[in-house]
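S.K.: Here are the chains, one letter per residue:
4 protein chains.
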Amino acid sequence: MQANNQYAFGLIGLGVMGRNFILNVAEKGFTALGYDLDPGQVEALKREGGNLDRVNATNSLEAFVQGLETPRKIMLLVPAGPIVDSVIEELLPLVSAGDLIIDGGNSFFRDTDRREAYLKEKNIHFFGAGVSGGAEGARRGPSLMPGGDRDAYREVQPIFEAVAAKFEGTPCVAYLGPKSAGNYVKMVHNGIEYGLMQLTAEAYDLLRRAGGLGNAEIQEVFARWNRGRLQSFLVEISSEILGRKDDLDSGDLIDKVRDQGKQKGTGKWTSQNAMDLGIPVPTIDIAVSMRAISAFKQDRERADTLFERPGAGSVDTEK
Amino acid sequence: MQANNQYAFGLIGLGVMGRNFILNVAEKGFTALGYDLDPGQVEALKREGGNLDRVNATNSLEAFVQGLETPRKIMLLVPAGPIVDSVIEELLPLVSAGDLIIDGGNSFFRDTDRREAYLKEKNIHFFGAGVSGGAEGARRGPSLMPGGDRDAYREVQPIFEAVAAKFEGTPCVAYLGPKSAGNYVKMVHNGIEYGLMQLTAEAYDLLRRAGGLGNAEIQEVFARWNRGRLQSFLVEISSEILGRKDDLDSGDLIDKVRDQGKQKGTGKWTSQNAMDLGIPVPTIDIAVSMRAISAFKQDRERADTLFERPGAGSVDTEK
Amino acid sequence: MQANNQYAFGLIGLGVMGRNFILNVAEKGFTALGYDLDPGQVEALKREGGNLDRVNATNSLEAFVQGLETPRKIMLLVPAGPIVDSVIEELLPLVSAGDLIIDGGNSFFRDTDRREAYLKEKNIHFFGAGVSGGAEGARRGPSLMPGGDRDAYREVQPIFEAVAAKFEGTPCVAYLGPKSAGNYVKMVHNGIEYGLMQLTAEAYDLLRRAGGLGNAEIQEVFARWNRGRLQSFLVEISSEILGRKDDLDSGDLIDKVRDQGKQKGTGKWTSQNAMDLGIPVPTIDIAVSMRAISAFKQDRERADTLFERPGAGSVDTEK
Amino acid sequence: MQANNQYAFGLIGLGVMGRNFILNVAEKGFTALGYDLDPGQVEALKREGGNLDRVNATNSLEAFVQGLETPRKIMLLVPAGPIVDSVIEELLPLVSAGDLIIDGGNSFFRDTDRREAYLKEKNIHFFGAGVSGGAEGARRGPSLMPGGDRDAYREVQPIFEAVAAKFEGTPCVAYLGPKSAGNYVKMVHNGIEYGLMQLTAEAYDLLRRAGGLGNAEIQEVFARWNRGRLQSFLVEISSEILGRKDDLDSGDLIDKVRDQGKQKGTGKWTSQNAMDLGIPVPTIDIAVSMRAISAFKQDRERADTLFERPGAGSVDTEK
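Residue numbers (this note's numbering), protein chains in the order written: chain A, 4 to 322; chain B, 4 to 322; chain C, 4 to 322; chain D, 4 to 322.
Treat the hints as calculated values from the structure; they're not laboratory data. Where hints are given, some of them may not hold.
[Claimed, not checked] Just a few of them, taken from the derived set where beta-carbon distance is under 8 Å, the chain C residues facing chain D:
hint, residue
1, S146
2, L199
3, L256
4, V284
[Stated by the list, open to error] These stretches of chain A come out as covered by chain B in the derived footprint (C-beta under 8 Å, 3 or more residues):
hint, stretch
5, 190-203
6, 269-279
7, 282-291
Note that CB positions come from ideal geometry on N, CA and C, so glycine has one too.
Starting from the given sequences, assemble the full structure and let the hints guide the process.
M.R.: Now the structure itself:
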């Protein structure tokens, strides 16, 4: 391990996503130090990192903070919610004025605003910087959406631009504005994605039930749409999925997927925030409702089992 | 002009779209004959076509029909609606059993079913085959979505595969099923597109009003989204449009666009047909309604001019 | 039976609804003659009608038509759809110029327009006149929504005003305009009702799941709402239903109702017609979609039985 | 003024609504004391109240609190939001363990939960008790929806049951459950009302634009609907409004109403809370969005004035 104040970048949270991100940083030529409470994760990173002068890890938060160059650039890849607040509270006695704390999670933008204001009083710069691309993206080149103090951002900008994915030579990272601007844009991004998934499902349903097309034919239709005005990543992967066989059983994989979705919240926040602001986003609202309907599947089925009675028939509510 | 029964392909409707399509056919090595009532369009095609043995045109429907190899392959590129029916009636006394009539327009699928049944009784094969890609696509490689009798389709398949766009070597054309299957898929395609445009508009609105981003920043956000899970043709062109300056005036082009859309019907048909079939497509329904709301702009404004009275204030409907 | 041309009013279709309507007419002092193909229905009416000079019935269409005063007032209470057309065709050789044919069913307004135009050429007046209130309303006082030729309407107006329900002395019947105006208003009426039922269901769901209220408490809440700004017939009957016990089993009746609705079409027509006209009715659209979702219950359940595999878990579509 | 601890009921906020409520309490036989910072409101109540032994008022908060029997029953009729919190803070040093503070405003249910928990620690009982019926209802008989501690509720129950409206002899008041149950039910009530208003507007729009009916005819149609399955308070008042003439100008009042709604929040909260709970309420969501669209009227118009250019035409987005 290097002497104090020697690592250029610090990362808290050494799960797969965190390890991949810090290895990416190191590979681009920056020294980097990781921290995790769990010694197993610390060892995993040391093993994967190879040259310990370049990338190292510790389960002592003091050693971690002291190991970083000032102003410190400390990124959090921990679950969104109260854990972010506890990590901040633990860091506060250890960091110095002018340091940067960067939240890389999918945090609610109002939480980011609150944390930014709280840390600003203590002269700590706080950033919300959504990371997209999953674990593989973190390793090979994520897309980054940072927001926070513009001047302080310059401290971490060279690292972010180095690790980000490149599109025709340009790094997929841009400073999006003060405070929670980065989280806000990520939230809208996910709201749109809800809508796109709902639309794709409606298209599939129409072609299947009404058009009478089979999975292979819909795959063909989606593949063709993907070469025209509807060309998109989601249409493309939908087309691929439609062609997959179930490798544990006979038949198509798509026919084994449960009609039940979950929500982590970002799409829902988009609708709720738009309502607070009086901005109409009706198709996103509907996509959120349809996902909620799909989630009630088990309740409905349990209710049926309990209550159905032969001969009751369905209720005709129209006269 | 060649002798009777010598042209491999016939096309009715020599507007820009029709001329481009027939020139594309000729360029792929097929002889082709065009027909239009308007001598100007006929001359335009002859001029653009060069070698009149390869591609020729006439404003006599009799000469046109007699000029084609049997079974004749006659494609219509005329406006959807009653014009398709009149052209069919004019053709009927001239064509022979086994000939193919192919409607290349955006026809309502029920009209195609009706025409197919009507012509089947007369031993004429009728196809609905949506052409997408616009006038430029017609010339360089359209996407084709034919539906109709499978055996008869083989007669025109080599021509369609030759003229269609190629994607990694595969022609963007596939037989979609009997009767109006081609029009049906095109209709659903356009319904989805309505939804995508509405979603894109909602995203823009949120980022602009709520996020406080300017056009240049939203352009940047859309460009970034286009490199991730939201990658799509519509996000890409939206990003491009956001960067355009108004070349007749100062400012951004986007700020000069009226918030008013029109409808030709295909998106609306998707919703209406889904309702007939009891298939829920709520986000497409909403997109159709939002487009209708945008279209009422002038009515609302005229009403305001007539009726507004100073000091009336707005009505607070909640207590 | 009276001599020819002696009955003031004729009714075709002697099911419960039809018999009730004609008995209502007779009770108000008009002579009335019924017709039905089925001799059983004819006998049922004769038995229920008592004085055969006042109300009589036949299963001969010729005798029926000849029995009516001219201009004849012939009302049809038969199922909406092609049966209306066949009855009209059977009547045509028998009726005379100036006679009235009145369709009392829930016909699609475009069908009424078509029939009205067809019969106008033959100097027969055709009316679409929705009857609401069910079988009991037909007997004791229905609500009537006639549309058609205003002058010809005067012939039947005294009968309609006599049989209709009275509200503070005024008969619940009004001429609504030419052609299909009556059916159109009835269609919009049913579209609104779809929306109200969907809203009531959403309220119940929120109070039950989110508020944690039991059926008895929701009944109380609905009863209270029914005394304020939400006062309405549907809230009132919803409150009553919530208080009913299952008389074949233990527990509340509401918990035994299947979450599955059917559609006869009038609500759906409202949405489809609004789309044709470019008039946005998004809450009705959504109510139609939600009813369609409820109808797919069995398909979904069957699919689950076939395909579910232990341990598959639900799909988390968000990252 | 009576001696200390002599008034049975205290009310803070002597606007029209507050004065009416306290006069209603006094009229039912309870002694009541009002408080308002504004001496004008205090004098107004004294004047209107007549017998000062029965109902009195003060602008000293100390005198007010000391004037009440213990356990004190103090009702707040002040605007929802931070004012409720400040009044609570001012009351805290003056009240005693076991006293009741009752918020009669349209408070957000989460605020009520927070206040209830905060005051519980101090042994003060806090109630959220929505009052509906407006200023006139407050005087003659409001509808009350209290929630809070069930045992403590018994202290105020006789007063609430005495002042509330009666429906067939039963007072329109019921204890709805612990904490914010009363505010929650009121919130859902208002969410439903948003939906009903949107549906009524859609019906009007269809009948007017599509059906071509005038205001007088729609009034007639609504009046008729109000006698059938659509019978409701909102349809009834809509019918009445449609018949009103503009008394400052010529024409119908309805044609002078701006197509622009405002929101105070309760409907919006219903949608947002349902999303948090994963309960689908799509028609309420859409009603909230449509109200937001209507509110943007002025922005759209200002934008048009600035940017419209002759000859630009409308954009046809479909191909």
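S.K.: Now, for every hint given, state plainly whether the structure supports it.
M.R.: Evaluation of the provided hints:
1. S146: This hint holds: S146 (chain C) lies near chain D, its Cβ roughly 5 Å from the closest one there, short of 8 Å.
2. L199: holds (7 Å)
3. L256: Hint violated; L256 (chain C) Cβ to chain D Cβ min 20 Å, cut 8 Å.
4. V284: holds (4 Å)
5. 190-203: With 10 residues closer than 8 Å to chain B, the stretch 190-203 of chain A meets the three-residue bar; holds.
6. 269-279: It holds: at least three residues are needed, and the stretch 269-279 of chain A offers 3 whose Cβ sits within less than 8 Å of chain B.
7. 282-291: Coverage by chain B holds here, the residue count being 8 at a Cβ distance below 8 Å.
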